[in-house]
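> Work from the hints to combine the two standalone chains into their complex.
Quick mapping for you: the protein sequence lines, in order, are chains A and B.
Take 1 as the starting number for the first sequence in this note's numbering and just add one per residue.
Take 1001 as the starting number for the second sequence in this note's numbering and just add one per residue.
Don't read these hints as lab results, they were simulated from the structure.
The reader is advised that the hints may include incorrect statements.
To be verified - Below, in silico cross-link-like pairs of lysine to aspartate or glutamate (DMTMM-like), each with a Cα-Cα straight-line distance of 25 Å or less:
| id | chain 1 | residue 1 | chain 2 | residue 2 |
| --- | --- | --- | --- | --- |
| 1 | A | Lys96 | B | Asp1064 |
| 2 | B | Lys1007 | B | Asp1087 |
| 3 | A | Lys2 | A | Glu45 |
| 4 | A | Lys96 | A | Glu3 |
| 5 | A | Lys67 | A | Asp93 |
| 6 | B | Lys1007 | B | Asp1064 |
| 7 | A | Lys42 | B | Asp1026 |
| 8 | A | Lys67 | A | Glu5 |
| 9 | A | Lys56 | A | Asp78 |
| 10 | B | Lys1065 | B | Glu1054 |
| 11 | A | Lys96 | B | Glu1054 |
| 12 | A | Lys56 | A | Asp93 |
| 13 | A | Lys42 | B | Asp1011 |
| 14 | B | Lys1065 | B | Asp1087 |
| 15 | A | Lys42 | B | Glu1086 |
| 16 | B | Lys1007 | B | Glu1054 |
| 17 | A | Lys96 | B | Asp1026 |
| 18 | A | Lys42 | B | Asp1087 |
| 19 | B | Lys1065 | B | Glu1086 |
| 20 | A | Lys96 | A | Asp27 |
| 21 | A | Lys56 | A | Glu15 |
| 22 | A | Lys56 | A | Glu5 |
| 23 | A | Lys42 | A | Asp78 |
| 24 | A | Lys67 | A | Asp27 |
| 25 | B | Lys1007 | A | Glu45 |
| 26 | A | Lys96 | B | Asp1087 |
| 27 | A | Lys96 | A | Glu5 |
| 28 | B | Lys1065 | B | Asp1011 |
| 29 | A | Lys56 | A | Asp83 |
| 30 | B | Lys1007 | B | Glu1086 |
| 31 | A | Lys2 | B | Glu1058 |
| 32 | A | Lys96 | B | Glu1058 |
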Amino acid sequence: QKEVEQNSGPLSVPEGAIASLNCTYSDRGSQSFFWYRQYSGKSPELIMFIYSNGDKEDGRFTAQLNKASQYVSLLIRDSQPSDSATYLCAVKDSYKLIFGSGTRLLVRP
Amino acid sequence: SAVISQKPSRDICQRGTSLTIQCQVDSQVTMMFWYRQQPGQSLTLIATANQGSEATYESGFVIDKFPISRPNLTFSTLTVSNMSPEDSSIYLCSVDSAGWGSNYGYTFGSGTRLTVV
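For reference, chain B alone in the conformation it holds in the complex (with noise of 0.2 Å):
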């Protein structure tokens, strides 16, 4: 299955500012998924990022907030803007290593552990 190289692991941040999360694939895969994880919480959908299209954002989620990008196959980045302590949480990224439509699961990275103060 695919490595994914998440970073950072984790973050400190004052509320109002951006924080850019990276998630770097060691192999070509069609799409990459950003998931929240509230404290205690399971995983929630915000949006799927597909190289050369705009992401497409889970109900609750818009792009002003959490703006996208995926300029190539094996990397994309999820950024949380205008943080606040609601934001606080962990982010993963994952993708389907096996490739499109396949019943194999998905993979995920390590997560970014972010707290707004």
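Next up, chain A with everything else stripped away, as it sits in the complex (with noise of 0.2 Å):
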């Protein structure tokens, strides 16, 4: 069974900082990854996905690719109340996602 490992949080962070969310998967062969955002009540929002080792640039929001130490990480750059909610981290295994358990973002104003 492939797996996706997320700390379940919450992460809390003050408003202004840098958050990091960290993701492992258990397929080395896994070739894409996503982020996504769900606010509470809210259905999944696609934030980004990355496929290449290193890192993928998209406004305040870096994500980072490991292939050989299969992780893939999420950082938010000067994190804003509206930032809170919950990040899932997916990996497509064949033509399917399969979604981490999210971890919980809490941006104090």
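Below is the structure:
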């Protein structure tokens, strides 16, 4: 069974700080990785995808992938209270996505 | 990306009854996915619906309990049959809006919050 692991949190950071969210996966052959944000009572929303080793930046978000160590992370710079949500890591297995349990992020004003 | 309309948005149902959830996409897509999110949990894939063929169910999910229809490339339904309180969850449909085999991630509908009493 392919697995995606995340720390459930909550991760609490002050406004303006960098939030670092981590995810590990079990299948060394995985190629595509995704970060979703889910506000309470809402459906998941795609933030970033990455499939090459290294960093990928989009605005305040940076996804980092290290295939040798089988982890992917999401950095949120200048965190805002509106970033408070659950962040889900997902790995593509053939044509479907396998999700981690999510990390709850709280950004304190 | 594709826009997905899912309904109903929520429902409260009696145990032993069935509920059919509809998912309409504004563009043609090869595969549609049905997920379940139990309270406080992550998303679990129930099945993948392809047009013109039977749905592919994940381990732990069976067609008799979760029958799926996929009559065309823009529409699918999921039925939750003979419901029990354990079926209380959010049910979400999802599509790969950039096309089959893309690396662009999937888009989700707004979800159906089901409570079984």
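> Give me the numbers of the hints this structure contradicts, sorted from smallest to largest.
The structure conflicts with no hint, since it agrees with every one listed earlier.
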